[in-house]
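**Student:** Modelling step: build the complete structure from the supplied sequences, incorporating the hints.
There are 2 protein chains.
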Amino acid sequence: MEKKSAQGITIRKEENISDWYEQVCLKSELVEFSQVKGTMVIRPRGYAIWQAIQDYFNEKINKPLEVKNAYFPIFIPESFFKKEAEHAEGFSPEVAWIDKELTKDGERLALRPTSETIMYDSYSRWIRSYRDLPLKINQWCNIIRWETNATKLFLRSREFLWQEGHCVYETEKECEEDTLKVIRYYQKLTEELLAMPVLIGKKSEKEKFAGAKHTYTIEAFMPDGKALQCGTSHNLGQGFAKAFGISFLGRDEKKTLPWQNSWGISTRLIGGTVMLHSDDKGLVLPPEVAQEKIVIIPLLFKDSKETVLKKAKEIYKTLSKFNPILDASEEYSPGWKYSNWELKGIPLRIEIGPRDLEKKQVIIVKRNNGEKIVIKIDKLKQEIPRILEQIQNEMFEKAKSLLDSKIKLVKSWKEFEKAIKERNIAKVNWCENTECEISIKEKIGASTRCIPLEKEKVEGTCPHCGKPAKTIMYFSKSY
Amino acid sequence: MEKKSAQGITIRKEENISDWYEQVCLKSELVEFSQVKGTMVIRPRGYAIWQAIQDYFNEKINKPLEVKNAYFPIFIPESFFKKEAEHAEGFSPEVAWIDKELTKDGERLALRPTSETIMYDSYSRWIRSYRDLPLKINQWCNIIRWETNATKLFLRSREFLWQEGHCVYETEKECEEDTLKVIRYYQKLTEELLAMPVLIGKKSEKEKFAGAKHTYTIEAFMPDGKALQCGTSHNLGQGFAKAFGISFLGRDEKKTLPWQNSWGISTRLIGGTVMLHSDDKGLVLPPEVAQEKIVIIPLLFKDSKETVLKKAKEIYKTLSKFNPILDASEEYSPGWKYSNWELKGIPLRIEIGPRDLEKKQVIIVKRNNGEKIVIKIDKLKQEIPRILEQIQNEMFEKAKSLLDSKIKLVKSWKEFEKAIKERNIAKVNWCENTECEISIKEKIGASTRCIPLEKEKVEGTCPHCGKPAKTIMYFSKSY
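Protein chains in written order, with the working numbering: chain B, 1 to 479; chain S, 1 to 479.
Simulated from the structure, these hints should not be mistaken for lab results.
Some clues are possibly wrong.
As the list claims (entries may be wrong) - Below, computed lysine-lysine pairings styled on DSBU-like, alpha-carbon distance capped at 35 angstroms:
1) Lys60(B) / Lys226(B)
2) Lys321(S) / Lys242(S)
3) Lys206(B) / Lys27(B)
4) Lys63(B) / Lys281(S)
5) Lys406(S) / Lys27(S)
6) Lys255(S) / Lys313(B)
7) Lys208(B) / Lys379(B)
8) Lys321(S) / Lys281(B)
9) Lys281(S) / Lys313(B)
10) Lys27(B) / Lys188(S)
11) Lys242(S) / Lys173(S)
12) Lys173(S) / Lys313(B)
Remember, predicted model here, so these are calculated numbers, not experimental data.
**Tutor:** Okay, here's the thing in C-alpha cells:
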C-alpha cells in the first residue's frame, strides 16, 4: 500500500498554533508557498472558498446596494499617491514599483496597494451633476503590498486577492448609512458563511485607514488570543474628493463636494476560517463554504464488493447536489481514507458496508465533532441538509462561546495586563488618547481593536493613564 | 434642457472604423483610457460583458471538463522563463519587470505575460503518480504585456483580463482531445453568447504559441476585413514537462513524461463583439451578454402622465428578470432618450404613451435593425423572450453572411493580391513554408490565420511560390 503525501498533521494546535496552522493549510492542499518569496499559490480547494465568498458578497451588493463591478488598472502613477498626503504616507513603505525604464515621462508606476487614487481620478471625469450620484463601484482584483515581515499563508503575503468597493454620494447621511450597511454585510458574511463570529466597531484615530474620516471594522479572534481584522469600511469624508477634484453641480446649481466611502475584504478571511475551526486532524470547513460537502466511503470486502459499490454509487447520485466524493479506491484501507478526508476538511463522511446494507442504513460521521449518526438510506436526501445545517450552527456556536469567554472587562491596569498576558480581549473604559494607545502597545503588546458599534455606558478613568474614560475600547494582541 | 455628454457618434463606421470604434467604446461607457499610458479602465457596462463570459465559460469547463479554478502569483522569477527556450524568446520583448531593489537575491521578477512557467513549477511538485492525472486547472487574472504599439481599447493594451487553462495528462490522446474540446467551447462561446461567427483551425508553425507543439485558434473577422484572433488552445506536447521536471510514475511503474495543454480567451472578445455588431448610432450588443436587456420609455404628457407612468412601472416589474431600465426622467425629450439608449446598446426599447395605453399595447423597437413591433401589454411577458432570441439570431446570421461573403478561394497570385487588397480572407492552397509565409506578409500585409479543422481537399501549387500545395490556409490582414 502506497504511502503518498497524505500523512497527517504532526503538530498540535495547542502546542504551536503557528506551525500547526501552516501544516493544515499546506496538507489540506488549500495553498502552497510559491518560489517567489512572500507570495502564495491558492490551490483549487482554497480558491473554491474564495469563489463562495465572491458569490455570497456579489449577491449582497449587486442588487440590494446597487453596486456595479468594474476593473481599474494595476498601475498607479506616483503623482496620484501624492494627492492625498495621509494616504500616501500610510502606504509608502509597502508599495512595489515597476522598472523605471518603462515610464518615459520620468514618473514611477506603482503596483496597486489599494485603488482609491486611480479610481477617483476616473470619478473626477465621470461625475458632473447630482444626477450622476450615487456612484457605486466594486472590483475584485489582486493587490500588491511589499511586506517585509515573515509571510503567513492567507494572512500576510506580498500579493493577495480582495474586493474593494468605492462609492460617492451627494450627502453625508447616505454615505455614512452605506458605510455602516457594508460593515454589517461583512459581519453577516463571516458569521453566516464562515461560521466565524466577530466584534464589530469603530477603529481608533490611530488605526483608521490612511486618509479616512473614520473606519469601521470586523474583528475575529483566533484561539491564540490574537485578533484578526477581517474587513473594514471607511467613511472617507470629503478629503479624497477635494484632493482628486471630484465635484458635482448640486440641486441648488452650486458646485459641491461629494462624500465617499471605500470598503474591502480579502483572501485573509480564508486564513481566519482555517485557523479558527480546524483541529489536530486537519482542516475543518463550515459546510456553507466547503465545495465538496460529503465523502462516501464504501467498505469493500470480497463477497459483497459489488452490491456495496452499487449502493454507494446510487447514494452518490442521490446526493449529487452536495458535490460528493466517492472514494472507492482499493489501494488504501478505510482507516487511511478516513484520515485523508478528515485532513482535507470534508464536512460529512458516509460509511457504507455489507452489514449496513443489510439494515438499509449508512453511518454518518460529522467532521466538526466526530459524532456518528446511523441513518436509513431512504431518509438520506431529506436528512443531509439538516445535518449540514446543524454542523454549520455547531461550529458557529462553539466559536461564539470561545469569543465570549475571552472578553474580559478590566478596571485596573493590573487586570488589563493580566487579561492580555492570558491572551484575552480586554474591554476597557478608555481615555481615547493616541499617546496612551501607543504606550499600551509598547508595554503589553495590545493594540486597540474597536469601539463597539452599539453604544455602551462609559464610566471611571482609563486604567492605563488615569484620565477620564471617554469610550469603551477592545484591546488585544493581533495578527 | 441640459445637454450632458450623451451626444452621439460623430464618425461613420464605413468612413473610419478605427476612430468610430473608439467613439463607440467610450461613449457607450464600456471603457475609458486610464491616465497610465497603454492601460484602460473597464467600466461597469463593459465589465458586465466580461462577467457574462466568465459565467458562461465556467459553466462549460467546471463540470463537463472537470477543470478547477485556482490562483497563481503575478510575479515570475526570470530563471523560470529561461527553462523553456522558445517560450522565453517569444515573450521577452513584452515582459515588464518590477523594481530591482525589491529582489535582493539578484533575480529579476517579471509581471506575468502568461503563467505556464510559474504554474508548471508547482505542477512539478504536485504530480507524482498517474493517479494525480489528469490535473486540470484554470485561472481568471490580469496579464501584463508591455506593448509598444498604439493602445486599442480591449484589443491591445498593456494590462488585460483573461482566463488561462493549464492541464496535464497521462496520454497524448487525452491531451489532444481536450485541446480540441476547448477550442470548440470557445467557438460555441463566441457564436452563442457573442453572436460572433469564427473560423476554427490550426495555426502555422510560425504563428503557433512559443513552446507549443501546435496551436488551435478561433478567428473572427471584422467589417474592415481584418482578422481578430479570439481564443487559442495549445497542445504543448512534452516540452514544458521536460523543462520543468514534471514526471509521474506510470501504471508500468516507470518514470514518464506527461502531456500538457494550455488555452485562453481575454477581454479582447469584448472589443470584437463591439466592432462587429455596432453601428453609426452606437453600441449594438447581443441580448445574451447585455446586462440590461430592455429600456422602458413612457411618453409623459400633462393630462395622462400619472396613468402612463403607473403602467410603465407595472411593465417594469413584470419584466424584472430582464433587468430593465425605466427612464421616466422629465428633463429630456423622448427623442433624446431614444438616442441615448441606442448609443448605450440596450437591445430592446419599449415605448408607451397615452394612445398605446388606450389600445392596451406598447411599441417595441429592436436595437439591431430598428424594426418596430406593436404588442399587447398582456402578451409582453411571453413575447419578450422570443423577440430577444430573434435579435440574437438575426445578429449572428448577419455576421455569418458577412464572414461567408469575405472568404475568397484564390488560385493565382493576382487573385490573392486582389482578395487581400479588397479586404477579404484569401482561402489558399498553400505550400506550408515559413519563408513563403514571411514573404507574403511583407508583400501584401496578409498573415496566415488558420488551417481549417475540417479536412478539405488540397490541390495544385502555392499561388505565391509555386511549390506544391500541402494544406488549405486562410490568409488575411489582422489586428
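**Student:** Tell me, in ascending order, the numbers of any earlier hints that this structure violates.
**Tutor:** 2, 3, 7, 8, 9 and 10
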